[in-house]
Amino acid sequence: MSAMTDVPAVPIAFKRNAREALADPQLRRNFRGAMDFLMDKRRVQFPDGDELERLRAFGNRVRARALSKLPELLERLDANLSRNGVKVHWAETVEEANAIVHRIVEQHAAKKVIKGKSMVSEEMEMNHYLGERGVDCLESDMGEFIVQLREEKPSHIIMPAIHLNVGQVASLFHDKLEVDYTEDVDRLIQIGRETLRRNFFEADIGVSGVNFAVAETGTLLLVENEGNGRMSTTVPPVHIAVTGIEKVVENLRDVIPLLSLLTRSATGQAITTYVNMISGPRKADELDGPQEVHLVLLDNGRSQAFADGELRQTLNCIRCGACMNHCPVYTRIGGHAYGTVYPGPIGKIVTPHMLGLDTTRDLPTASSMCGACGEVCPVKIPIPALLRRLREEAVRAPEAVPHHMRGQGSKYSKKEAMLWKAWRKLNTSPALYRAFSFAGTRLSALMPSNIGPWTEHRSAPKPAARSLHELAREHLGED
Amino acid sequence: MSAKDRILAKLRGSLVGTTPVADDYDAGLLTEPWRYAADDRIARLRSMLEAVHGETQLTTQADWPQRALEALAARNIGELLVSPDTAHGQQLAAHVAASAAGLRLKAYHQPVEAWKEELFFRTPASLTGTLGGIAATGSLVLWPTPQEPRLMSLVPPLHIALLKASEVRDNLYELMHAQHWASGMPTNALLVSGPSKTADIQQTLAYGAHGPKELLVLILEDA
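Line order of the protein sequences matches chains A and B. Numbering (my numbering) for the first sequence: 1 to 479. Numbering (my numbering) for the second sequence: 480 to 702.
No wet-lab data here; the hints were simulated from the structure. Every residue, glycine too, gets a C-beta built ideally from N, C-alpha and C. Don't take each hint at face value.
As the list claims (entries may be wrong) - Here are some of the chain B residues that sit facing chain A, going by a computed Cβ distance under 10 Å:
(1) 482
(2) 484
(3) 485
(4) 491
(5) 498
(6) 506
(7) 515
(8) 517
(9) 520
(10) 581
(11) 584
(12) 595
(13) 602
(14) 629
(15) 645
(16) 661
For reference, chain B alone in the conformation it holds in the complex (with noise of 0.2 Å):
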């Protein structure tokens, strides 16, 4: 008998004449207290967003590559980490092309084995898209691709995440059965709430600890 078995066995055996509890799931407690109207759904997010150290804008589909720019200069970052295969990185190029500002777009269209180096010690931004957001708790939600591996979020002090308005959802339970997450997960699934903190240190809170010091969410009001 393996492991697996022998440890099977003696929960079965524990089980022997027991009924499985059933499954009286309450969604509403999960949605009710959280739900927003319309108006307020937005602020609900940047409110909570901010209250961890999180940077909000709310902009538009047109503005946007405008304001990432104005972001990254007022920081004096020359180079941005942008996938050249999603259309928002399509737009930002050709806007930074159009544009006088001097700011070189980077890809991340290799194995990160083959540029760790670069990737951890002069990547200084990035850009990705979201899922959508939660408005209860200030949260995006990002299913890393091909296109915007997982470390494009994660490794990049800054991180630039697009988030367009009409996919914010009230709470997590809307949100998961809005997108039918249990009919299939991809290999990494995220919920990202503010920059990267710790409060190890004597109750302290501190922000960019192994993460990005910063997040700035590029609301788009009209998307």
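Pulled out of the complex, with its shape left as it was, chain A reads as follows (with noise of 0.2 Å):
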């Protein structure tokens, strides 16, 4: 694990990040409206709540059926894809995973790599991996080829130009493709398909993620709405595949359900225009398909959840970006500024088991604790419970428990705990109490008018006069 190392962890400048997205007024607007349009979707596709409810306590099932025999699955999928000719390849670490790809990159001396939408490959940022190897990444799916243009990454994991408007969309082809200025939204998409086209078919190597793998039959699922995905895991020669470990599910049935919940709950879709299952590659008497595919496993520290029984609940994502399009803080902030792959609720939960929690300590704060999140999450993951428990970890007291978290207790101060233990023994002794409250009352004159971060956008509280409890034993005659 040569990421481990002991140097001090560079904590993401999440708070700057946000301040400043806060002040960029169009990119609120994009995000307003972005995520209006993605909430009526997905309201519209559930018009029953009853059967959405039904919907989502099986989803969780299947999961959490999936996850509890994760080990079994994995090596029944392994054996079922190597049997059905597809190479799988297991990392765990993101450094191991890029070097896989690229020793199947030099096998076949190819210069040129078409992706189609993979969050496990910005995971690994396998482009720049690549591309300080010499070889060319392009992004095929419309919006991530957008971002790439711009050399930005996706700010969010379903429509990964979501920050921009067409304005800027047509700046970007006008200024990088030397296109006519357009704003004309079919037009943009007509000139991406045909800077794409060639692009498919003069790669040497596709570039795909997975949403489900089928440990029983052995195939890959992927939806899509493009062609792209079909695209990228057609017509070049080689696929590779990258997912996370935790992607598996036990019989190919079990994907009906989670098919239903992503579609409906990422775009607000009843389906996506493709739903894509490979199961090996071209066979002898087949005349299209790659003739090596490859699948490379992921851990990158789900293992590290998975060891949690509470914070094993992190993996059932499906990745389907429905707490992002319902979290206040996202819409405001906007993906950027998390300074993370995986941005909003999801990102909050998911990103400290890959990067630490020395790496990504402001992440679990960035909530205000209302619960959107967990409400809407189709495979419902109670998502602020393990934002509090991420809290927890990230104060915890070194060596309080065995660490099995990275950059637990990163947060701690011993200060800080002991404020919180004065506090607890104030609210639990009734004499203590009393006394505190008559002190904190009678002696109201001496609260300071400035007391740090509270009042840098809020007035000093006044104590009143007499306390509550004094208050309310007058009212019933106890004095």
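Reassemble the complex: the two chains are provided individually, in unrelated frames, and hints are given to aid placement.
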């Protein structure tokens, strides 16, 4: 695990990023519009609240069952894919995963890679890794293509270019692709289609993600609307799929409820245009499809989340993005402010396992705990409860319990811990509490007007002349 | 120890003392809300497909070749990719030969590497069969074959699909079950629900992203 060194982790500059995003009215308009759109679309797809709740419970059980036998299912997946002719690789870290991909690239002397949409490849920073080694990686999903042209990262896991409006895309295409400026979306998409079409058949290797990996049949299932996923997994002579070890499901029929939950929750569609199920490379009598199919199974911190029964639920995620669409924080600051591949509520609970709680120490607290994410999650991940748990892990005293989370205790402060201890004592001891409230009310004139961060944006609290307890006792005539 | 062994050992260690969650699969939830009377099944499929810009036509086993020809003529398309090795391909070829339509039929009978340029840039339309349809979501089921390879339904800008009305099922669960998918999956199985599309630019829906710009489904009512 070369990533786990003793170099102190540099925390993501979340607060600075958030402040900058909040000061950008264009960004805020773009996100507000997009989130309203996606929330409405989802709502229309679930007119029957009872069906929705039963389906969420079903989805939760399917994911929980898969995780409850994860090692066995991964081995079955590996065996069945291998039997079908797919080469399965395992990687503990992103470094290992990139090295595996690079080895395949070198075996084929490949110069050009075309990518369907894959968040795991973003997690690996595959484009950068291969780029440094002289291999071009071109994104083919329209949103990813736009983001790549701008040399940015996706700001949403389903709609990568959601932070941009049509005018910004029009200017980008005009500048980078040297086409006439147009804000006609149909025309812009046709420009993207024409630009990318040749690249599909010039590419030596196609890379994709995986939505569900079926252990029973050895099948990789991908959903998409554009057709770039089918292109990337069909046209180049080699297909490499990259995915997290949690994406496996037991049986083929298990994908039916998950598929329904995924597409309806993500983009408010009954189904995506394409559901692409790949179970092997081209057979001897077939005329297209890749000659070689590889699957890279990546851990990257997932086994750490798996180690704890509560945190394991993080791995239920089917990456629909509904939690971010409904998040008041995400809507206001956008995806980039998080500084991580997975933004929004799911990003806040999954990224600490990938990067460590030290690097991500501000993420679990970047929440108003309104609970919307947990309410819409199609597989019932209790996101607010997991945020609370991560907050606890972040301030846990060193070695209070054996470390199992990377970066655990990174926010621990002796002073703060003592203050809370004192607070608990105060509130659990009636005599102390009475003495404190008596002192607090009678000596209210001594309240300082400047009490640190509290008074940066608010006036200092003014204790009343008498405490509520005293007033209540007087009211009841107990004095 | 390999990465695989280490990952599996970690996962196994974390499961010590736990029992697997039971399989309480609720097929009723995936079928009951998505059932249609025989008369409504095709109507549902059509309305779902049309809602995402798919075009559908009701026709018959005898008449569909003419419908296909008319659709191509209306678009000024003079060339069609179709398999000569399928019953429907042969029926169409016979119809074209007997008619005055100057439609050129082209076969996908060599590996894609041999004719990529032509497939990608000089093949305006294709026609394939389907393995069935799903009413609930307005989906076509395709299992590409050596006769009708994967890219036939993806690369040409117009894809014409033949769908037998009797092979339309209410929902995906029923279809998978009836066709025994779990006992053996092909290299590639597809659900196709409309022409290719994207909403990646400011949530504005645009059709014809990377796959077909148009999908025409000819539904054979008597088949």
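Hints, one by one, checked against the model:
Restraint check, residue 482 of chain B versus chain A: the minimum CB separation of about 4 Å is within 10 Å; hint holds. Below 10 Å, beta-carbon pairs count as interface contacts, and residue 484 of chain B has one with chain A at about 9 Å; its hint therefore holds. Of the supplied interface hints, the one on residue 485 of chain B holds, with its beta-carbon coming within about 6 Å of a beta-carbon of chain A, less than 10 Å. Of the supplied interface hints, the one on residue 491 of chain B holds, with its beta-carbon coming within about 5 Å of a beta-carbon of chain A, less than 10 Å.
At about 8 Å, the closest approach between the beta carbon of residue 498 of chain B and any beta carbon in chain A falls short of 10 Å, and the interface hint on this residue holds. Interface restraint check: residue 506 of chain B against chain A, minimum CB-CB distance 8 Å, threshold 10 Å, status holds. At about 14 Å, the closest approach between the beta carbon of residue 515 of chain B and any beta carbon in chain A exceeds 10 Å, and the interface hint on this residue is violated. Interface restraint check for residue 517 of chain B: the shortest CB-CB distance to chain A comes to about 21 Å, outside 10 Å, so the restraint is violated.
The beta carbon of residue 520 of chain B is not positioned within 10 Å of any beta carbon in chain A (closest approach about 16 Å), and the interface hint is therefore violated. Interface restraint check: residue 581 of chain B against chain A, minimum CB-CB distance 27 Å, threshold 10 Å, status violated. With 10 Å as the threshold, the beta carbon of residue 584 of chain B stays out of range of chain A, its nearest partner Cβ sitting at about 17 Å, so the hint is violated. With a cut of 10 Å, the hint placing residue 595 of chain B at the interface with chain A holds, because the nearest CB-to-CB distance is about 5 Å.
The restraint placing residue 602 of chain B at the interface with chain A is violated, with a minimum CB-CB distance near 12 Å, outside the 10 Å limit. Evaluation of the residue 629 of chain B hint against chain A yields a held restraint, the C-beta minimum of about 5 Å falling below 10 Å. Violation of the interface hint for residue 645 of chain B is found here, the shortest Cβ-Cβ separation to chain A being roughly 22 Å, above the 10 Å cut-off. The criterion of a C-beta within 10 Å of any C-beta in chain A is met by residue 661 of chain B, whose closest approach is roughly 5 Å, and the hint holds.
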